[in-house]
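Trainee: Read off the chains here:
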Amino acid sequence: MLDISPTEWTAILLSLRVATIATLVATPIGIGVAWLLARRDFWGKAFVDALIYLPLVLPPVVTGYLLLLTFGRRGLVGAWLADHLGIVLAFRWTGAALACGVMSFPLLVRPIRLSIEAVDRRLEQAAATLGAAPWRVFLTVTLPLALPGVLAGMVLGFAKAIGEFGATITFVSNIPGETQTISSAIYSLIQTPDGDTAALRLVLVSIFIATAALLASELFARRATQRLHGN
Amino acid sequence: MLRVDIAKQLGDFTLEADFTSEGRVTGLFGASGAGKTSLINMIAGLVKPDRGTIALDGETLDDSAAGVHVSPHRRRIGYVFQDARLFPHLDVRANLDYGRRMNGLADDPAQRQRVIELLDIGGLLDRRPGKLSGGERQRVAFGRALLSKPKLLLLDEPLGALDEDRKREILPYLVRLRDEAGIPMVYVSHDAAELRQLATQIVMLKGGRITAFGGVKVLTP
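Residue numbers (my numbering), protein chains in the order written: chain A, 136 to 366; chain B, 2 to 222.
Read the hints as simulated data drawn from the structure, not as lab findings.
C-beta atoms are modelled at their ideal positions from N, C-alpha and C, and glycine is treated no differently.
Be a bit skeptical, because a hint or two may be false.
[To be verified] Simulated coverage check for chain B against chain A, where a stretch passes if three residues somewhere in it have a Cβ under 8 Å from a Cβ of chain A:
#, stretch
1, 61-74
2, 77-85
3, 97-111
4, 139-152
Input sequences plus hints: build the corresponding full structure.
Mentor: This is the structure we're talking about:
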């Protein structure tokens, strides 16, 4: 049954690549945003907070369409990127990574923010009295202590990115070998006569990836907690 | 020389303090709620006074009229907190080394050895703070502050969280610290006996105001 065809392999590898890139690019941004929301008060904070959670509550097709309007070849940002940097996102796998990154961003940010909020500010004060500038306090105290939350956010974001469908198919379509991820491949297969077996194979693969990701996150979190509190 | 002349409104509570201290150990004495911790948090730069000045050895750290407020990390003022506040993710060795690294100071093995021996913490170096007793944690906190080579050391009831036996265990180290480390200290306590042993000068604080200032004899009612 698990006789995976080359087309299916392509979709699986593409999904992994898209989700990995999306997570790796979104994590530093997510850490920055989480820190701002957890530790700083600024004008428009409630707005930023709402904006980040928007992809979670909007229909994915809406997010995808907004991405197409913004990052498409004729979009405001898309045209600029294409003309000046030669970067095209629409209908490319990189665009799929962008869509997945945006869609998974709220899930990535939330655990990181909560774990930064949970870091004892008195430890940060102690670091300051020992001569650490704010950015070094962040790198040597806040971030290491928030590490379990960062890992949890990364895994959650990765899992969401692997499964993302609506925004991706709207923004970059469903092109085998370029933008056809596991989800879009399953969608195509279901609509094809005799596609059931192949669809089921990909369903099993996605269950496997999701389970592996969750187990890995559990393991990371346990290791990190041990490292922080044990000897 | 530490020169403090500040005012700070904290809710309903007004803190006003004006003193100059040249002693080796300035004891800040008062009941809880007298404003002791707020006062040394201002000296450390963690809290900004509403108005007034703070200067250490002629260097202005705070001057509200001139808009000066030096950040805590630039003050070179060490701080030993009541609750130690060791970094839980670093072992004792890395905790001790933290201030030296952050201040970009050259490695000084002789000084480190002296402090480790003074505080008798050589056997703890590879442990994490979670595996230390309260007294051990506090000794490491002294060492960590000392090794950042501060110009002034603030101690906020460093024995407050310890039981009587632990206090008796730590006090001799503090006396040695005073006599051998050569760093002026501000020592906060509500325990007159403790201050009689350690302080060379007393600032008595009550309800946010200084009510007495002078030698340790001001502690005698």
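Trainee: Holds or violated: the stretch 139-152 of chain B covered by chain A, criterion of 3 or more residues with Cβ-Cβ distance under 8 Å?
Mentor: Since three or more residues must qualify, the claim that chain A covers the stretch 139-152 of chain B holds, with 3 doing so at under 8 Å.
Trainee: Do three or more residues of the stretch 61-74 of chain B come closer than 8 Å to chain A, measuring C-beta to C-beta?
Mentor: holds (count 3)
Trainee: Examine the stretch 77-85 of chain B: at least three residues should have C-beta closer than 8 Å to a C-beta of chain A.
Mentor: Holds: 6 residues of the stretch 77-85 of chain B have a Cβ under 8 Å from chain A.
Trainee: Are at least 3 residues of the stretch 97-111 of chain B within less than 8 Å of chain A when you compare beta carbons?
Mentor: Three-residue rule met by the stretch 97-111 of chain B, so holds; n is 4.
The structure fails none of the hints (numbered hints given earlier).
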